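J.: The residues making up each chain are set out below.
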Amino acid sequence: MSGRPSSFKVLARVSFGSLRSFGKQIQSRLLAARFSTYLQGILKNADFKDIASRYVELVAEARSAEEHRILDSLISMPNASPSFDAVETSKLPAETSVTVIEAEPGAGKTWALGFLAWQHADKFLSAENSVCRIPVYLELKLLAYQGSGHTIATTIQHELNSCIGPSREIPWDSLLLLVDGLNEVAPQAQANFKAELKDLLAKHPTLHVVVTRAPEFVPW
Amino acid sequence: MWSLPGRPSSFRGEFSARIVVLRPMTDKQLAQLFCKEIGDEAKAKTTLATVLQNESLSSWSRRPLHAWLIARVARQENLSALSNNAAAIVRTCIRFICAREENQASAEVSRTGPETKEALARTIGV
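The listed protein sequences derive, respectively, from chains A and B.
Counting from 1, one number per residue, gives the positions in the first sequence under my numbering.
Counting from 1, one number per residue, gives the positions in the second sequence under my numbering.
In case anyone wonders, no lab produced these hints; they're calculated from the structure.
Predicted, not measured: the structure shown is a model, and the values here were computed from it.
No false leads were mixed into what you were given.
Label-pair distances were calculated between CB atoms; the ranges are:
id, chain 1, residue 1, chain 2, residue 2, range
1, A, K44, B, T26, 29 to 35 angstroms
2, A, Q188, B, S59, 35 to 41 angstroms
3, A, S18, B, A99, 54 to 60 angstroms
4, B, A99, A, A195, 36 to 42 angstroms
5, A, E169, B, E55, 54 to 60 angstroms
6, B, K36, A, K91, 16 to 22 angstroms
7, B, L52, A, Q188, 41 to 47 angstroms
8, B, L52, A, E61, 19 to 25 angstroms
9, B, I97, A, L19, 53 to 59 angstroms
Listed next, the in silico DSS-like pairs over lysine-lysine satisfying Cα-Cα at most 25 angstroms (straight line):
id, chain 1, residue 1, chain 2, residue 2
10, B, K28, A, K49
11, B, K36, A, K123
12, B, K36, A, K44
13, A, K91, A, K44
14, A, K49, B, K36
15, A, K141, A, K49
16, B, K28, B, K43
17, B, K36, A, K91
18, A, K91, B, K28
19, A, K91, A, K123
20, A, K91, A, K49
21, A, K194, A, K91
22, A, K198, A, K141
Ideal Cβ positions, reconstructed from N, Cα and C, are used throughout, including at glycine.
Could you build all of it, start to finish, from the sequences and the hints given here?
T.: Shown next as structure tokens:
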């Protein structure tokens, strides 16, 4: 019997697991209540609604070794093989902290990002999926135009303004940051964005981000 | 889980990010898109058949924007516009793209705050 955990230990482990899961659910519901106005706003937004009604699930795959060789000739190909062949774009944020969707113009980057915003708002509100997060959609070119005083953090504060109260505390660990058009801003603005994102990820490792960009080399 | 370091101008050395590319749409996805855009299942099926008969049109249609343009042509013009000459398709598509860009630009301006509008005005020298 010594090799088997006692009933008490099993029970304690199960109870602890259930408690943790219950705690997460409570936290998620409290956040949904606090951010309901903001999330409803996304669901009522004409652009997101339109995307959600017309969206066709797109499929993403890891960049091939050949593409990597052509596009990243200065750095060596990692030895590890891809752990996935293909994944539906709506499931991308759940898989990793930072995902970069790279595709040519018209390939559906903005479409996929818009759908992610709508889907996460919908599921977060309906408690359908505990993996869902509070989506914040940013068009980088609009952020870049606002000048150096505007950062990702201030823009998110502005977006969530009505829900974060006087403390201005952003729930980073429950956010899904959706950033569209990295290639559409000047190199300096790209560098600023990446530097700030690096800091944010260091402070909030569970923050999830999806960035879209067109490849620098577009095969015509 | 596979993480790729980005290239020098991207995410290299800054933090790990998984870089993915979007696959071209399959026949099934095209059928779904046509169905949603055209709103008439029979017409969507005929549109798909017309597209698949034409090798270059079929290859071109695999991006959502292109598929959307084809659906618009099929919906607003008619199917013969798709099977006619390529120049007519291109002309119709360019017309749709121009209208779409115009709508997007005005929507973009309406989404920006007063500070951004001021910054934009300064940038273009208004």
